[in-house]
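Listed here are the chains, written in short residue letters.
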Amino acid sequence: MRDIAIGQYYPVDSVMHRLDPRVKILAVLIYIVTIFFIDTFIAYGGLLLFLTAVILLSHVPPLKVLKSLRMIVYLVVFTVLITLLFYNGKPDDLLWQWWIVKIYRTAIHSSLKMALRIMFLIVGPTMLTFTTTPVALTDGVERLLAPLKLIRVPVHSIAMIMSIALRLIPTLVEEMDKIKNAQKARGADFDSKNIFKRAISLVPVLIPLFVSSFRRANDLADAMDSRCYRGAKGRTRMKVLRLTAKDFAAMLIMAAVLFMFLWLNFNFFPGLVDFRALPWFV
Amino acid sequence: MLAKAARNTYNKRMSFIELNAVKFTYNSGERDEAVALDGVSLSIGAGEFVAVVGHNGSGKSTLAKLINGLYEPDEGEILVDGLSTADDKNLFDIRSRVGVVFQNPDNQMVATIIEDDIAFGPENLGLPPAEIRARVDWALAGVGMSEYAKGMPFKLSGGQKQRVAIAGVLALKPRVMILDESTSMLDPKGREEVMRVVKKLVDEEKMTVILITHFMEEAMQCGRIVVLKEGKVFLDGGREILTREAELKEAGLETPFAVRMANALRARGIGIDADVMTLPALVEALCR
Chain A
1 MRDIAIGQYY PVDSVMHRLD PRVKILAVLI YIVTIFFIDT FIAYGGLLLF LTAVILLSHV
61 PPLKVLKSLR MIVYLVVFTV LITLLFYNGK PDDLLWQWWI VKIYRTAIHS SLKMALRIMF
121 LIVGPTMLTF TTTPVALTDG VERLLAPLKL IRVPVHSIAM IMSIALRLIP TLVEEMDKIK
181 NAQKARGADF DSKNIFKRAI SLVPVLIPLF VSSFRRANDL ADAMDSRCYR GAKGRTRMKV
241 LRLTAKDFAA MLIMAAVLFM FLWLNFNFFP GLVDFRALPW FV
Chain B
1001 MLAKAARNTY NKRMSFIELN AVKFTYNSGE RDEAVALDGV SLSIGAGEFV AVVGHNGSGK
1061 STLAKLINGL YEPDEGEILV DGLSTADDKN LFDIRSRVGV VFQNPDNQMV ATIIEDDIAF
1121 GPENLGLPPA EIRARVDWAL AGVGMSEYAK GMPFKLSGGQ KQRVAIAGVL ALKPRVMILD
1181 ESTSMLDPKG REEVMRVVKK LVDEEKMTVI LITHFMEEAM QCGRIVVLKE GKVFLDGGRE
1241 ILTREAELKE AGLETPFAVR MANALRARGI GIDADVMTLP ALVEALCR
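Here the protein sequences line up with chains A and B, keeping their order.
Number 41 in my numbering belongs to position 41 of the first sequence; there are no gaps in the numbering.
Number 1242 in my numbering belongs to position 242 of the second sequence; there are no gaps in the numbering.
One or more of the hints may lead you astray.
With a cut-off of at most 16 Å between alpha-carbon atoms, the simulated EDC-like pairs for lysine to aspartate or glutamate come out as follows [as the list claims (entries may be wrong)]: (1) A:Lys246 / A:Asp13; (2) B:Lys1150 / A:Asp13; (3) B:Lys1155 / A:Glu175; (4) B:Lys1023 / B:Glu1072; (5) B:Lys1023 / B:Glu1077; (6) B:Lys1189 / B:Glu1205; (7) A:Lys180 / A:Asp191; (8) B:Lys1232 / B:Glu1250; (9) B:Lys1065 / A:Glu174; (10) A:Lys178 / B:Asp1106; (11) B:Lys1023 / B:Asp1093; (12) B:Lys1089 / B:Glu1072; (13) A:Lys233 / B:Asp1093; (14) A:Lys239 / B:Glu1205; (15) B:Lys1065 / A:Asp225; (16) B:Lys1089 / A:Glu175; (17) B:Lys1229 / B:Asp1038; (18) B:Lys1173 / B:Asp1093; (19) B:Lys1023 / B:Asp1038; (20) B:Lys1065 / B:Glu1181; (21) B:Lys1173 / B:Glu1205; (22) B:Lys1229 / B:Glu1254; (23) B:Lys1065 / A:Asp219; (24) B:Lys1155 / A:Asp219; (25) A:Lys239 / B:Glu1131.
Have a look at the derived ranges for each label pair, beta carbon to beta carbon [unchecked claim]: (26) B:Asn1027 / A:Met162: 53 to 61 Å; (27) A:Ile158 / B:Arg1031: 34 to 42 Å; (28) B:Gly1223 / A:Val211: 23 to 31 Å.
What the simulated footprint calls covered on chain B by chain A, stretch by stretch (three residues with Cβ under 8 Å from a Cβ of chain A suffice, anywhere in the stretch; the number is not a length) [unchecked claim]: (29) 1111–1125; (30) 1130–1139; (31) 1147–1157; (32) 1164–1173.
What the hints contain is simulated information worked out from the structure, not anything from laboratory work.
The beta-carbon is built from N, C-alpha and C at its ideal position, and this holds for glycine as well.
Kindly produce the complete structure, drawing on both the sequences and the hints.
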């Protein structure tokens, strides 16, 4: 089993695990919006503290969380490089120049912020899937989207599709490994230096994977049918979602955190505390 | 009132599942048309432990899907507890009475957490949460997987996965459980685990079990054996069927080793009782 962190539940017991999924989903939404609003290092620092607290409270090993960043390493590096090379700053910010390459001080800041932003964007939702079972997640989505039923959106089906997709990720990864090994045994070359050759060599992996996914879908549909599934009709739940005191507390904390970040970032009360006066406020 | 009375008298009759001259064809009318069942009549009573055996393509897996109402027969009729599978309105009731455990354990798990997966069936029945919880715990205990309740299926062995699948069906509290080649993807140890659970269901829960298999050693543990050949019932009877080497060979099946050995010994004039079918029994008979 390879480390595909996203969509993986980490089964331990913690405050984070016990929170209502609806609260967690809303919290992640607030978190994502916050990331797009803030652009100062001090606010990112605050966000890091907040995230650290969440990770520690969740009892998920921090290393496991960091591993979820592995798959975006290239994206981050690429973004940083592009920003560094093509940023157009003011002449007095220019740090270093060679031929047409100009590195500005502001470009360094901007690219670092971009990198942080991407990483924060991945880690937050990953914490949601680490601490929430797909069934709870789906339940949460279904309940949150419930008002859309009024305009005939098939909320239950959407939630079910989501849950099955999450459920099948590890199975399909395993299957892909199997097919890859089978093709390797027949002499397929997946380690070619040539990126085009490597891409083409994936075709004989993807086609069997695609075909077998259809067979799986068929089998799964039969299994669901034979276990009396008929959509949302007459369906009840074993775990009924109920908001408790800790959920309200979590929502309050989330609201406070949001406000704090906005304050840190936009310096709402310069009369009270002036963050801009701090020497490292950039 | 009258209809209800009629139903009750029906239920009192011995057979729980009735197939009357059932025909089923895949891709009917097309070039790759394949007749799976060609006029099968069977009746299976409550509490029976039946093995359905047959060569590949004999139609045995189609049978499971027909009884469960996943397919509709082209001709003939299937009644489960008096309900016809041809009527879509009956399907929910039929499926709550007949559960199927399929071949590939990975393709029948709906949820990522074992207890959530087992709850899927009872949730569809619309039971109150406390009742669902009780059924999930009961079903998990029944297959000896209670300690894995909060675990994830993909970390389990094949035998364990299939036991979870059995629990998922068990939680629906069906009257009949069909195992559609449920052991064919397992290693010998996993097969043994699953068979132990199945026998427990038959002995302790008085569950009607239809075991579709191509392992004769498994079929041997059933009270009744139905042999299918080319979509027709070829043999139907007790365990003694397994000693009919020539006929089984005709159906593309192999007799269990102990039976072949005993037959060969008998042919050489060494008297061995007809009920010797397992290896330990054979050893004992020979040592006497």
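Next on the checklist: Tell me the numbers of any earlier hints that the structure contravenes, in ascending order.
Outcome noted: When the structure is compared with the hints, numbers 6, 9, 11, 14, 16, 24, 26 and 28 turn out to be violated.
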